[in-house]
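Protein chains: 2
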Amino acid sequence: MNLAFPLLLLFLSASSFADQDILLLSRPLIADRAQNVARDDDADDLLIRCTSWRVAGEANNLAPWQTVPPECGSYVREYMTGKGYRYDLEIAAREAAAFARSVLLAGDGKDAWVFDVDETLLSNLQYYADHGFGLELFDSHEFDKWVEKAVAPAIQSSLQLYHQVLDLGFKAILLTGRSEAHRDITIDNLISVGFRDWEKLILRGPSDRGKSAKIYKSERRSVIVADGYRIHGNSGDQWSDLVGSEIGHRSFKLPNPMYYIP
Amino acid sequence: MNLAFPLLLLFLSASSFADQDILLLSRPLIADRAQNVARDDDADDLLIRCTSWRVAGEANNLAPWQTVPPECGSYVREYMTGKGYRYDLEIAAREAAAFARSVLLAGDGKDAWVFDVDETLLSNLQYYADHGFGLELFDSHEFDKWVEKAVAPAIQSSLQLYHQVLDLGFKAILLTGRSEAHRDITIDNLISVGFRDWEKLILRGPSDRGKSAKIYKSERRSVIVADGYRIHGNSGDQWSDLVGSEIGHRSFKLPNPMYYIP
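Order-wise, the sequence lines are chains F and E.
With our numbering, the residue at position 255 of the first sequence is 255, and numbering never jumps.
With our numbering, the residue at position 199 of the second sequence is 199, and numbering never jumps.
Misleading hints may appear alongside valid ones.
Remember, identical chains collapse to one label, so a pair may be satisfied in a single copy or spanning two.
Listed next, the in silico EDC-like pairs over lysine to aspartate or glutamate satisfying Cα-Cα at most 16 Å (straight line) [said to hold, decoys possible]:
#1 K211 <-> D44
#2 K145 <-> E219
#3 K200 <-> E136
#4 K200 <-> D227
#5 K110 <-> D227
Worth flagging that the hints you see were computed from the coordinates, not collected in a lab.
Remember, it's a predicted structure, so these values are computed and weren't measured experimentally.
For reference, chain F alone in the conformation it holds in the complex (with noise of 0.2 Å):
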């Protein structure tokens, strides 16, 4: 709550500065006061309001959801473009870095990692902040029109935790939403942005059409362990990506809460 404007009009208000144009107000100071100091404690309010609707979607608390609350549509758009996204982002990467330094691999080249891609390894920010930054309901075509351009930049503390978790020996398995049509594109972004030596990727093919991402992601999951690996850690930021069968001994929820994927 800052209450700078409306104490200082206080102080002001006994002081020579009485008859000067900072002052020429149309109403009480006294009403002038409690009013600002109403707006901010709705302000306030707000922010605790939209900060508890955000932390419920990020401990799979919150029902399906289509679109941003439009009254939370500031305070969504200021997280994602301030520190507070950054710092989850930056936590959820280091508290999986520290997983994975203390796995003791089998070293037979079947401990994997599993990533999803967008808003874990690539991020759309720039694609939705044209887009109210999820106050608009998701249009799968301008957003295939996003993607078809490969220029969505990495996020870089996955960047880091990928390369983290290759050196470790690691195997990185990217698991996506996004279509076998966009392979090729999808790859060119990945490489473009610093990603690199994935054992596989495995996108949505024809016969994935109409499944849940859950149903979808543990299916795949499941051919993943059938083939021998171990899944020892999942990285995504639905909880689509974490549960489900065969979710890995951790999960790392990256922060979104911009849209959201049943």
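Chain F is already provided as a structure; the job is to place chain E on it using the hints.
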């Protein structure tokens, strides 16, 4: 960031108040202002960092931890005693109630909702207020003395949810890490604050000694399911309440930045 004081000083420095007591400062105003702004920036940064730590816990990203990070002690105290904790409890209960209403019950007396007890139905906030809100290492001897007083209040949003799920026809199954030795005192406490008509109250028996909460609760849920119950909802403040086997159709993670139980 509250700029009231430095801004005020900057304005007044050019005013007719220049020789008054308020401006008898030992250092130049500009330096003072820079220092105050830096202090505000540091406080803002710490707030965002401690929020990140708390959210990482709620998202189950944190490795096992023993105490609140010392630099986040004040943050956790303010969160627990302010609106943040209350709103987070309320949204968890609201989402749980919405899910409960959406369930098609079989009506055979086997539709179950599992509740943890401490920090889920009953609040030990008074105990933790006297022990640093999670800054102190957990002391089971001291905590037992508190439990034996049987004065823990109900978490109001949970009490409401509890009655809502009972009214909808669910059977409430209480599954707690408390020991069998505390059965009577726990029943007294629960009843005195408004909980009633549970189907089962399951506490740790002698054979559960040394088991992690995750293992103990998974084993007990497996027995519940073997007895023919369908676990539709599961409410708990620890991830060890909500992961493992037979986790139910939906889980609801109540907030708790004060302690971690594996």
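Right, here's what the structure says about each hint:
1. K211 <-> D44: Neither way: K211 and D44 sit 41 Å apart in one copy and 43 Å across, limit 16 Å.
2. K145 <-> E219: Answer is neither: 28 Å inside a copy and 49 Å across each miss the 16 Å cutoff.
3. K200 <-> E136: neither (33 Å within a copy, 46 Å between copies)
4. K200 <-> D227: For K200 and D227, only the intra-copy Cα distance (12 Å) is at most 16 Å; the inter-copy one is 43 Å.
5. K110 <-> D227: Classified as within: same-chain Cα gap 9 Å, cross-chain 39 Å, threshold 16 Å.
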